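Engineer: One-letter residues, chain by chain:
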Amino acid sequence: MDEVALIREAQLGDLDSFNRLVLHYQELAYNLALRMLNDEASAEDATQTAFISAYNHLDSFRGGSFKAWVMRMVTNTCYDELRRIKRRPTTPLEPINDEDDEEIESPYWMADDHNPTPEQALDRRELEGAIQHCLADLPDDFRAVVIMVDVEGFDYQEVSEAIGKPLGTVKSRLARARLKMRDCLQGYWELLPANFRLKLEERA
Amino acid sequence: MNPKPRQLSPQEWQLLSAYLDNQVSPGERTQIEKQLTSNAAFRQAVESLRQTRTVIRSMPMRRVPHNFTLTPDMVKVRRKWSIIPALRLSSAFAAIASVVLFALQLLPGVMKVAAPAAAPAAQDAVALSSAEEAVGTEPAVIYWGGPPAEAKGMGGGGGMGGGDGTYPGGMGGGAPDTFYGMPNVAATPAIQFEIPQPTSEAGVGAAAPAESMPAEPTPEAPMAMAPQPTQAPETTRSAEELQNGPVLGLRPQDSGKVIAESQSFTAEPVVEDEPSLPVRSLLLPAAVGLAALAVIIAVIAVVLSKKQRL
Numbered sequence: 009m010d011e012v013a014l015i016r017e018a019q020l021g022d023l024d025s026f027n028r029l030v031l032h033y034q035e036l037a038y039n040l041a042l043r044m045l046n047d048e049a050s051a052e053d054a055t056q057t058a059f060i061s062a063y064n065h066l067d068s069f070r071g072g073s074f075k076a077w078v079m080r081m082v083t084n085t086c087y088d089e090l091r092r093i094k095r096r097p098t099t100p101l102e103p104i105n106d107e108d109d110e111e112i113e114s115p116y117w118m119a120d121d122h123n124p125t126p127e128q129a130l131d132r133r134e135l136e137g138a139i140q141h142c143l144a145d146l147p148d149d150f151r152a153v154v155i156m157v158d159v160e161g162f163d164y165q166e167v168s169e170a171i172g173k174p175l176g177t178v179k180s181r182l183a184r185a186r187l188k189m190r191d192c193l194q195g196y197w198e199l200l201p202a203n204f205r206l207k208l209e210e211r212a
Numbered sequence: 062m063n064p065k066p067r068q069l070s071p072q073e074w075q076l077l078s079a080y081l082d083n084q085v086s087p088g089e090r091t092q093i094e095k096q097l098t099s100n101a102a103f104r105q106a107v108e109s110l111r112q113t114r115t116v117i118r119s120m121p122m123r124r125v126p127h128n129f130t131l132t133p134d135m136v137k138v139r140r141k142w143s144i145i146p147a148l149r150l151s152s153a154f155a156a157i158a159s160v161v162l163f164a165l166q167l168l169p170g171v172m173k174v175a176a177p178a179a180a181p182a183a184q185d186a187v188a189l190s191s192a193e194e195a196v197g198t199e200p201a202v203i204y205w206g207g208p209p210a211e212a213k214g215m216g217g218g219g220g221m222g223g224g225d226g227t228y229p230g231g232m233g234g235g236a237p238d239t240f241y242g243m244p245n246v247a248a249t250p251a252i253q254f255e256i257p258q259p260t261s262e263a264g265v266g267a268a269a270p271a272e273s274m275p276a277e278p279t280p281e282a283p284m285a286m287a288p289q290p291t292q293a294p295e296t297t298r299s300a301e302e303l304q305n306g307p308v309l310g311l312r313p314q315d316s317g318k319v320i321a322e323s324q325s326f327t328a329e330p331v332v333e334d335e336p337s338l339p340v341r342s343l344l345l346p347a348a349v350g351l352a353a354l355a356v357i358i359a360v361i362a363v364v365l366s367k368k369q370r371l
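First to last, the protein sequences are chains A and B.
Heads up: the first sequence begins at 9 in the numbering used here, then just goes up one per residue.
Heads up: the second sequence begins at 62 in the numbering used here, then just goes up one per residue.
Just so you know, the hints here were simulated from the structure itself, not pulled from any lab data.
Computed from a prediction, not measured in an experiment: that's the story for all the values here.
For each residue, glycine too, the CB sits at the ideal point set by N, CA and C.
Take the hints with a grain of salt, since some may be wrong.
Said to hold, decoys possible - Derived CB-CB ranges, DEER-like:
1. Leu-97/B / Lys-173/A: 27 to 33 Å
2. Ser-342/B / Ala-13/A: 20 to 26 Å
3. Leu-97/B / Gly-161/A: 22 to 28 Å
4. Ser-342/B / Asp-24/A: 56 to 62 Å
5. Glu-134/A / Ala-102/B: 20 to 26 Å
6. Thr-98/B / Arg-96/A: 27 to 33 Å
7. Gly-88/B / Leu-20/A: 33 to 39 Å
8. Ser-68/A / Leu-343/B: 30 to 36 Å
9. Gly-72/A / Ala-353/B: 43 to 49 Å
10. Arg-149/B / Asp-24/A: 50 to 56 Å
Said to hold, decoys possible - Selected chain B positions facing chain A (in silico; Cβ < 7 Å):
11. Leu-110
12. Thr-113
13. Met-120
14. Met-122
15. Arg-123
16. Ile-144
17. Leu-148
18. Leu-150
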């Protein structure tokens, strides 16, 4: 796939060229939206909206990583959706008094299951559910970084372009996100799959 | 998982996190690896981060439930919007141009200053070019001198056609002195202009000192076209010099240069003086027209944008 040529043709209005780019990036986009929003239907809507927005703003793409540019569209769409969710009057908004004092508890997760025991959480989805639970507890900005780096395998530069922040911010957010994830996952440690536990214990 | 090694600072955690991803500089890597060999807390910290990263990476990538390709219906709005920014920009430009033209119309000094300033210069220039024609290709010899009291510099810049001198060409119409005429054409001694004492009132250039040419040709001569004449100091100097008798003349080596400069005078000042009135008269209608255009385009842009929102 000649990505540059497809982008140029898409910028001239060729929808087929743009759709080839969509097919190439849709899995990354959908999974980012799914992990950000923790809801399949919302993730589908956000992914579709992000691609429409990307097509409508193709003129603003000035080169660089197209993948990062598309992911920026997805991230921004997810932020919009998260803000919309948090504005719901029935949704509680409580700050967490952690060391940074800057997180907002994910109302999405709280509405689903407040203070679940590790056993209850793992009953739903086992490992994936546990990880998703911990991801949902992260602040939105941290969550986006850790998903892109650790789940989707982006490099730091791509993440920097995708979130529109410098590399230092990416490093800082990622380190703090990993620490929070570590603390969160400790509650599920005994419930991880046995083979996984063995693997990790070998490293320790 | 292992207990948290709390003794690490946030910067150290950040460094260790980047170290896991090979996103540190060689110097940082050396520093970290040195710490890892000597500091158990570092080893514990980096291992806990590595485990956490491994767990997160185990999260599966979901398959997309359907393709997210776009249809023409989804994106049909895109092309409609393209004309509106152009209209808005055009309206803004027209409005700015209109304001500028109004300002030009209202500012008193912009168009009026140039005309009177150019007038004497224009006369001088015309005189020079006419004198050149009168002399023809044969350079004239210029002698300076005459009654000091009446010396007013060259004075006769506009003194063509007076016919009062001995020179039948009528070059003597200038200032009331014996001097004559064209300081910048002093090459051949074959022709000598002599002007009698009486003033030549018939000369067009029996002019005020302000309009006189410099007593000595200078490189500033072409600058007579500038808005503000600068001949006053030159006139004073020439008067002093003339009081001591005939002192002026051109060095032969200078004459050619001055002639060349004087030849650069053309009818340009006349062009500058004439069009000011027509231009001024066009300013107001142009400004009004542009303002109307700006309003019309803006209205069209607003109407189009409202239609597209519906």
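Engineer: Compare the structure with each hint and give your call.
Structural biologist: For each hint, the structure was consulted:
no., hint, result
1, Leu-97/B / Lys-173/A: 27 to 33 Å, "holds, 29 Å"
2, Ser-342/B / Ala-13/A: 20 to 26 Å, "violated, 57 Å"
3, Leu-97/B / Gly-161/A: 22 to 28 Å, "holds, 25 Å"
4, Ser-342/B / Asp-24/A: 56 to 62 Å, "holds, 58 Å"
5, Glu-134/A / Ala-102/B: 20 to 26 Å, "violated, 32 Å"
6, Thr-98/B / Arg-96/A: 27 to 33 Å, "violated, 53 Å"
7, Gly-88/B / Leu-20/A: 33 to 39 Å, "violated, 47 Å"
8, Ser-68/A / Leu-343/B: 30 to 36 Å, "violated, 42 Å"
9, Gly-72/A / Ala-353/B: 43 to 49 Å, "holds, 44 Å"
10, Arg-149/B / Asp-24/A: 50 to 56 Å, "violated, 32 Å"
11, Leu-110, "holds, 6 Å"
12, Thr-113, "holds, 4 Å"
13, Met-120, "holds, 5 Å"
14, Met-122, "holds, 5 Å"
15, Arg-123, "holds, 6 Å"
16, Ile-144, "violated, 14 Å"
17, Leu-148, "violated, 17 Å"
18, Leu-150, "violated, 15 Å"
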